[in-house]
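Colleague: Listed below are the residues making up each chain.
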Amino acid sequence: MMRRLANIALLLVAVAFCYGLQVSKPHYGDLIGPIPARGKPGDTVVGRGFEIHAEKIEFARKLTVDQYGQTKILTTGGVWAVVTAEFAARAQSTVVSVASWRGPTGLTYDQTERLSFMNGLLPVALDPGLPRKARLIFELRPDEVSNATLLVSEKLVAALDSQAEISLGPVTTAADGLPTGTVDMLDMAQPL
Amino acid sequence: MTAEVLDQENRDGERKWRRRSLWSLLLLIPLALAVEAYDSVKALLGNNDLFARRVVWGQSAQFGGSDWKLTDLRGAFGMSNLPPDSVPVLADFQVKIGDPNLQNLWLGCKIVLIDKDGRRWSPTSIVSLKATGNVQTCISAIFSGAKSGDTLNLRETFLVPKEATKSIRPAVSVASERPHFLLFQLEKD
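Protein chains in written order, with my numbering: chain A, 110 to 301; chain B, -6 to 182.
Because the hints were derived from the structure by calculation, they are not lab data.
Hints may contain errors.
No farther apart than 25 Å at their CA atoms in a straight line, the calculated lysine to any residue pairs in the SDA-like style are these [what the hints assert, rightly or not]:
id: 1; chain 1: B; residue 1: K155; chain 2: A; residue 2: R157
id: 2; chain 1: B; residue 1: K35; chain 2: A; residue 2: D270
id: 3; chain 1: B; residue 1: K123; chain 2: A; residue 2: A234
id: 4; chain 1: B; residue 1: K155; chain 2: B; residue 2: S115
id: 5; chain 1: A; residue 1: K242; chain 2: B; residue 2: S121
id: 6; chain 1: B; residue 1: K181; chain 2: B; residue 2: N146
id: 7; chain 1: B; residue 1: K103; chain 2: A; residue 2: L140
id: 8; chain 1: B; residue 1: K155; chain 2: A; residue 2: G158
id: 9; chain 1: B; residue 1: K155; chain 2: A; residue 2: Q201
id: 10; chain 1: A; residue 1: K242; chain 2: B; residue 2: S118
id: 11; chain 1: A; residue 1: K264; chain 2: B; residue 2: S118
id: 12; chain 1: B; residue 1: K35; chain 2: A; residue 2: V266
id: 13; chain 1: B; residue 1: K103; chain 2: B; residue 2: G58
id: 14; chain 1: B; residue 1: K35; chain 2: A; residue 2: A200
id: 15; chain 1: A; residue 1: K165; chain 2: A; residue 2: K264
id: 16; chain 1: B; residue 1: K155; chain 2: A; residue 2: D270
id: 17; chain 1: B; residue 1: K159; chain 2: A; residue 2: K165
id: 18; chain 1: B; residue 1: K103; chain 2: A; residue 2: L231
id: 19; chain 1: A; residue 1: K264; chain 2: B; residue 2: R113
id: 20; chain 1: A; residue 1: K171; chain 2: A; residue 2: T193
id: 21; chain 1: B; residue 1: K159; chain 2: A; residue 2: G158
id: 22; chain 1: B; residue 1: K109; chain 2: A; residue 2: R241
id: 23; chain 1: B; residue 1: K155; chain 2: A; residue 2: A123
id: 24; chain 1: A; residue 1: K264; chain 2: B; residue 2: G101
id: 25; chain 1: B; residue 1: K155; chain 2: A; residue 2: P240
id: 26; chain 1: B; residue 1: K103; chain 2: A; residue 2: L301
id: 27; chain 1: A; residue 1: K264; chain 2: B; residue 2: I132
id: 28; chain 1: A; residue 1: K264; chain 2: B; residue 2: A25
id: 29; chain 1: B; residue 1: K35; chain 2: A; residue 2: A268
id: 30; chain 1: B; residue 1: K35; chain 2: A; residue 2: T185
id: 31; chain 1: A; residue 1: K264; chain 2: B; residue 2: L38
Nothing here was measured: the structure is a model prediction, and the numbers come from that model.
Here chain A stands alone, though its shape is the one from the complex:
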């Protein structure tokens, strides 16, 4: 009788253990997903193949760009966010291609493609010992600006590879609903 009870108890323990393993198991997407390298603006965030140092973040209502010798003004229904960052390769030459802006609600914005003709945007080719600056430009809803995270990786599918995750922190909002310090116009023709 005792032996049978002990067997039943052992079985129950085994079931509980297996259930525990099942519920605590990471999602497959998390297992093979990007490996975060976290930091904040001003930090040098170090990934496997590259480093990034986000120097400044600016907000603007409009951007001016030079295209084929003509000045073009890009307006938006939201707000432009322009991040200037310095990139460096670590042990070997690489290309950093992808950046996105994850807002506080989880909405994720890819870099704008409206300035794809401009120099100084991603993708940026990097060689060891030769850091380069680049701009990351996003067109955002104003309520997605505060407490956002900047995500930067070498490839679009950064499976099992580093992804820099830079927490941008709180941004105060002015009376017009735009981030405090938003300028009317930012000139993208200015050198980095």
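Place chain B on chain A using the hints.
Modeller: This is chain B only, laid out in the frame that chain A set:
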């Protein structure tokens, strides 16, 4: 023979086979792991340049079915519009084609510069220098239609920091030879 004796014999036989089975696990588990890992290890070795074959300055080495020789490695100083403290470096090779099946043998051809710390520079697109004569890159040579006995002049251009120029050495790798790669020594080595 009584039933009791038969029962005892069966029990002894079971015990013997149980023990054999447990011992066989010592062999079977590592074997299963090896079979399972075979493809991954093969892919790892096939995608990485792990083992260097050093080539003395002035010598040529048989690699990917052809004879490779480093003919020059020099800096192109004095260029403007470059990142500060950077130097374009040109690596020139003379390759005598042996097996002309370059599209298979030279697949994934990579020429890089490696410094004393193991840092690797790939060819750059920032600097473009006009080459004289029939100079090709490693990748364009694959589709050149070169025949056995032809000699190809290959050149790759790199951008490296000034501090690394003293210790950089050119290296060549192709998929058919990985994980081995050629590491060329300079005259001063």
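Colleague: All the hints need checking, so say for each whether the structure fits it.
Modeller: These are the hints, each one checked on the structure:
no.	hint	in the structure
1	B/K155 - A/R157	holds (24 Å)
2	B/K35 - A/D270	holds (21 Å)
3	B/K123 - A/A234	holds (21 Å)
4	B/K155 - B/S115	holds (16 Å)
5	A/K242 - B/S121	holds (21 Å)
6	B/K181 - B/N146	holds (23 Å)
7	B/K103 - A/L140	violated (31 Å)
8	B/K155 - A/G158	holds (21 Å)
9	B/K155 - A/Q201	holds (16 Å)
10	A/K242 - B/S118	holds (17 Å)
11	A/K264 - B/S118	holds (19 Å)
12	B/K35 - A/V266	holds (23 Å)
13	B/K103 - B/G58	holds (15 Å)
14	B/K35 - A/A200	holds (24 Å)
15	A/K165 - A/K264	holds (23 Å)
16	B/K155 - A/D270	violated (30 Å)
17	B/K159 - A/K165	violated (36 Å)
18	B/K103 - A/L231	holds (24 Å)
19	A/K264 - B/R113	holds (19 Å)
20	A/K171 - A/T193	holds (17 Å)
21	B/K159 - A/G158	holds (24 Å)
22	B/K109 - A/R241	holds (23 Å)
23	B/K155 - A/A123	violated (63 Å)
24	A/K264 - B/G101	holds (19 Å)
25	B/K155 - A/P240	holds (13 Å)
26	B/K103 - A/L301	violated (32 Å)
27	A/K264 - B/I132	holds (23 Å)
28	A/K264 - B/A25	violated (34 Å)
29	B/K35 - A/A268	holds (20 Å)
30	B/K35 - A/T185	violated (51 Å)
31	A/K264 - B/L38	holds (22 Å)
Violation of the numbered hints given earlier is confined to hints 7, 16, 17, 23, 26, 28 and 30; the remaining hints are satisfied by the structure.
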